[in-house]
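Protein chains: 2
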Amino acid sequence: MNLDQATQDQLKQWETELAADYQAIIDQKLSLDLTRGKPSSEQLSLSDALDGLLKGNYKGADGTDVRNYGGLDGLPEAKQLGANLMGVDAADVLVGGNASLTLMFQAMLTANNFGLSGADSAWNKEDNVKFICPVPGYDRHYTVCEQLGIDMITVDMTANGPDMDAVEALIKADSSIKGIWCVPKYSNPTGVIYSDETVDRIAALGKIAGANFRVFWDNAYSVHDLGEFKPLASIKDACSKHGTEDSVLQFGSTSKITFAGAGVAFMAASAANLVGFKKVLGTLTIGPDKVNQLRTVALLPNKDALLGHMQKHAEVLAPRFAAVLESLAANFGDNDMGSWESPEGGYFVSFDTRPGVAVAAAKLSADAGVKLTPAGATFPYGKDPANCNIRIAPSVPTLAEVEAAMKVFAVCVKLASVRVAIAA
Amino acid sequence: MNLDQATQDQLKQWETELAADYQAIIDQKLSLDLTRGKPSSEQLSLSDALDGLLKGNYKGADGTDVRNYGGLDGLPEAKQLGANLMGVDAADVLVGGNASLTLMFQAMLTANNFGLSGADSAWNKEDNVKFICPVPGYDRHYTVCEQLGIDMITVDMTANGPDMDAVEALIKADSSIKGIWCVPKYSNPTGVIYSDETVDRIAALGKIAGANFRVFWDNAYSVHDLGEFKPLASIKDACSKHGTEDSVLQFGSTSKITFAGAGVAFMAASAANLVGFKKVLGTLTIGPDKVNQLRTVALLPNKDALLGHMQKHAEVLAPRFAAVLESLAANFGDNDMGSWESPEGGYFVSFDTRPGVAVAAAKLSADAGVKLTPAGATFPYGKDPANCNIRIAPSVPTLAEVEAAMKVFAVCVKLASVRVAIAA
Chain A
1 MNLDQATQDQ LKQWETELAA DYQAIIDQKL SLDLTRGKPS SEQLSLSDAL DGLLKGNYKG
61 ADGTDVRNYG GLDGLPEAKQ LGANLMGVDA ADVLVGGNAS LTLMFQAMLT ANNFGLSGAD
121 SAWNKEDNVK FICPVPGYDR HYTVCEQLGI DMITVDMTAN GPDMDAVEAL IKADSSIKGI
181 WCVPKYSNPT GVIYSDETVD RIAALGKIAG ANFRVFWDNA YSVHDLGEFK PLASIKDACS
241 KHGTEDSVLQ FGSTSKITFA GAGVAFMAAS AANLVGFKKV LGTLTIGPDK VNQLRTVALL
301 PNKDALLGHM QKHAEVLAPR FAAVLESLAA NFGDNDMGSW ESPEGGYFVS FDTRPGVAVA
361 AAKLSADAGV KLTPAGATFP YGKDPANCNI RIAPSVPTLA EVEAAMKVFA VCVKLASVRV
421 AIAA
Chain B
1 MNLDQATQDQ LKQWETELAA DYQAIIDQKL SLDLTRGKPS SEQLSLSDAL DGLLKGNYKG
61 ADGTDVRNYG GLDGLPEAKQ LGANLMGVDA ADVLVGGNAS LTLMFQAMLT ANNFGLSGAD
121 SAWNKEDNVK FICPVPGYDR HYTVCEQLGI DMITVDMTAN GPDMDAVEAL IKADSSIKGI
181 WCVPKYSNPT GVIYSDETVD RIAALGKIAG ANFRVFWDNA YSVHDLGEFK PLASIKDACS
241 KHGTEDSVLQ FGSTSKITFA GAGVAFMAAS AANLVGFKKV LGTLTIGPDK VNQLRTVALL
301 PNKDALLGHM QKHAEVLAPR FAAVLESLAA NFGDNDMGSW ESPEGGYFVS FDTRPGVAVA
361 AAKLSADAGV KLTPAGATFP YGKDPANCNI RIAPSVPTLA EVEAAMKVFA VCVKLASVRV
421 AIAA
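Residue numbers (the numbering used here), protein chains in the order written: chain A, 1 to 424; chain B, 1 to 424.
Certain hints may be false.
When chains are identical, the list treats them as one kind, so a pair holds in a single copy or across two.
Below, computed lysine-lysine pairings styled on DSBU-like, alpha-carbon distance capped at 30 Å [to be verified]:
| hint | residue 1 | residue 2 |
| --- | --- | --- |
| 1 | K279 | K207 |
| 2 | K59 | K383 |
| 3 | K241 | K55 |
| 4 | K312 | K383 |
| 5 | K12 | K38 |
| 6 | K363 | K279 |
| 7 | K303 | K55 |
| 8 | K130 | K278 |
| 9 | K59 | K371 |
| 10 | K241 | K12 |
Just so you know, the hints here were simulated from the structure itself, not pulled from any lab data. No experiment lies behind these values; they were computed from the predicted model shown.
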């Protein structure tokens with residue numbers, strides 16, 4: 001069923017058949033949801049021991065009374081947890097509240113409005129501030145830029161990470177580009193792991209960009225492997241080689257490890273960046289919730305415990321991802337109606353329809369009771385110029401629901417594809 | 001021992017006697033601290049049941065799984081806790097993370113940089129943005145303004161709250177004044193409760209100021225009475241009377257009720273203000289820590305439980321405050337070397353020396369092993385023009401330590417006063 005080679009008659013016959021399949025789905029009155037990149041109840045329950053884990057001992061390892069004020073950059077043992085999670089040194093880690101998104105916003109606010117290295121380094125001293133966004137990507141990265149009035153320039157994601165030729169060319173040509181968003185492992189949503197070469201070239205960007213350029217390295221899925229642990233090259237090691245240590249800010253959290261809404265967020269950065277960041281952070285908080293840091297460390301006291309815990313997540317998630325990928329292979333493996341990466345971790349499968357099909361497919365699916373992430377959401381300003389990307393999030397539904405939803409997905413993509421081809 | 005009537009000979013004799021007293025204190029090699037406005041361990045232990053209180057039940061009253069993402073403005077039952085705490089309607093409450101300071105920063109950032117009612121309402125669209133700061137006041141309010149580049153204008157605190165004649169005159173004369181900081185009950189540091197008339201006049205400011213004027217009403221000590229509960233007039237009721245509902249943002253938290261570093265923060269505001277605030281808040285977080293909200297509600301399920309819990313705090317704090325006030329009355333009740341309010345709640349006693357004495361007294365005290373909050377800290381930019389205010393924070397030391405520290409305080413203030421008088 002290749003549309004490029006099909007005659008109008010063939011297309012119309014397929015349309016008739018698919019419309020009948022679609023009607024049969026409508027009649028089932030489904031209510032399924034593939035939009036939400038959040039853990040299922042089953043996953044959350046893996047950490048139910050958290051509340052009560054301290055057993056009345058509110059003292060940190062160094063004797064800190066975690067109940068009281070203070071400790072702007074977090075407990076030492078929580079820094080070590082962040083180091084275990086992100087593959088960095090504990091000395092480079094600052095521990096925040098329950099959301100790495102907040103740390104990322106605060107870091108971008110600091111860099112843009114106040115300056116990470118003094119007031120003169122603030123990006124908004126210049127007329128126009130731009131940021132590179134690999135696409136498809138994470139919508140909440142875009143809204144941070146949009147809120148702060150930072151223009152977004154897109155580059156394509158490849159199977160090895162962002163298209164680095166394009167990234168380097170943009171930065172060489174335009175000094176108003178102040179940074180790039182990266183989700184280096186199990187990228188949201190394509191699920192790729194940045195290759196060693198990509199990591200090295202990103203670390204080298206600080207040599208061609210100005211001193212205030214910052215890579216926002218959102219390592220959200222650093223230990224979120226579905227199978228065995230896959231390494232990601234160390235951006236810090238690469239920066240050390242290139243002498244660009246100040247050009248990267250790393251982020252991570254336990255939001256998709258313990259409780260999504262009550263996790264612990266981390267930032268890792270050079271000493272100079274931490275000083276600049278804490279100068280502003282200290283004006284908006286006396287310190288993070290150290291009690292929650294201590295209980296999270298109690299659940300995940302070392303790297304083995306962390307990886308063991310993530311294996312339990314994988315046991316829940318892997319069958320759902322397998323169901324998505326099997327459905328995609330079965331329905332689109334032998335035709336020209338879609339392409340996708342096969343992620344081995346993270347929270348998403350990213351699917352590209354033929355150009356001009358995604359919005360129509362998502363609408364058909366929603367009308368049939370299966371919600372998909374709105375086509376366009378993975379692009380800045382909600383605009384997917386090719387109208388082709390759909391993000392599939394299989395974590396929340398049960399396995400049976402994922403299987404049912406993917407059947408609907410396949411019919412809707414095919415039907416929309418045929419209709420677009422007929423109209424072309 | 002009135003310095004105004006003393007001869008130089010008398011002053012010199014007093015100096016000799018006080019210097020001998022001071023030397024005797026030095027010889028004791030004390031190490032005491034009256035600087036920290038935070039709860040003692042004894043107070044924190046009142047809430048030790050918090051961790052484990054949920055007993056594995058992570059469902060909110062409406063069935064919300066509090067472990068997962070979402071709920072930007074907090075759990076309904078946590079809104080009710082905020083309402084109980086601040087004397088407002090639950091519908092007006094937004095529940096944040098562990099720090100009301102963060103909510104205040106975010107609210108001021110929103111008002112100044114992004115606009116609470118659309119981009120055109122952003123204060124920084126104008127050349128110069130000014131804020132009124134009653135003095136002495138809370139240093140962290142000042143650093144928020146300073147961080148955002150907002151100029152601060154001081155007005156004096158009286159026994160009834162800010163000098164409202166001065167506040168009204170300033171606002172009438174200068175449209176670049178965009179708001180005022182207020183700690184309306186047990187004001188930090190003077191400990192006064194704003195009178196009904198003051199509350200009414202503050203609510204009326206919105207009629208003489210522009211539409212973007214905002215009162216930042218930091219009701220940090222709303223239930224922090226040392227004796228019986230003292231009412232504060234409702235600013236919202238007064239605003240309703242004057243038609244100025246949008247002119248006030250109220251803040252509060254459980255930081256000095258449960259755990260100082262792991263409390264729950266609240267903001268109460270008009271529907272229009274909440275919409276404007278959440279528009280920006282939603283770009284920096286998916287939601288607050290609802291697990292901690294639920295466990296805090298479990299500890300303080302209703303107003304009786306809240307006030308009962310605060311009585312236990314009062315039992316710990318009241319003797320310390322009594323010791324401070326007794327020492328002040330005994331040492332300064334019959335002379336012209338100091339004045340103070342006698343707070344019936346809150347965390348501080350504010351003491352005014354004769355002009356030009358505070359820095360010298362604090363230095364003498366520090367050299368004798370008793371730390372006082374640096375003179376000037378209670379003023380914007382750290383500058384007390386009269387060099388007379390010292391903030392005494394008696395919550396952390398034991399009662400015996402407070403008594404010992406106040407003996408040192410009295411000798412140091414007297415010695416510095418006499419020396420300044422001799423030099424004059």
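How the hints compare with the structure:
With identical chains, the CA atoms of K279 and K207 are at most 30 Å apart within one copy only, with a shortest distance of 26 Å there and 37 Å across copies. Proximity of K59 to K383 under the C-alpha cut-off of 30 Å is found in neither arrangement, the shortest distances being 50 Å within a copy and 37 Å between copies. Taking the closest pair of Cα atoms, K241 and K55 never come within 30 Å of each other, the shortest separation being 45 Å inside a single copy and 50 Å across copies. Taking the closest pair of Cα atoms, K312 and K383 never come within 30 Å of each other, the shortest separation being 37 Å inside a single copy and 57 Å across copies.
In this assembly of identical chains, K12 and K38 lie within 30 Å of each other by CA distance neither inside one copy nor across copies; the values are 39 Å within and 75 Å between. Taking the closest pair of Cα atoms, K363 and K279 come within 30 Å of each other only across two copies (27 Å); inside a single copy the shortest separation is 47 Å, beyond that limit. In this homomeric assembly, K303 and K55 come within 30 Å of each other (Cα to Cα) both inside a single copy, at 23 Å, and across copies, at 27 Å. In this assembly of identical chains, K130 and K278 lie within 30 Å of each other by CA distance both inside one copy and across copies; the values are 24 Å within and 25 Å between.
Taking CA atoms no more than 30 Å apart as the test, K59 paired with K371 passes between copies only; the shortest distance there is 25 Å, against 46 Å inside one copy. Proximity of K241 and K12 under a CA criterion of 30 Å is satisfied in neither setting, with 59 Å inside one chain copy and 68 Å between copies.
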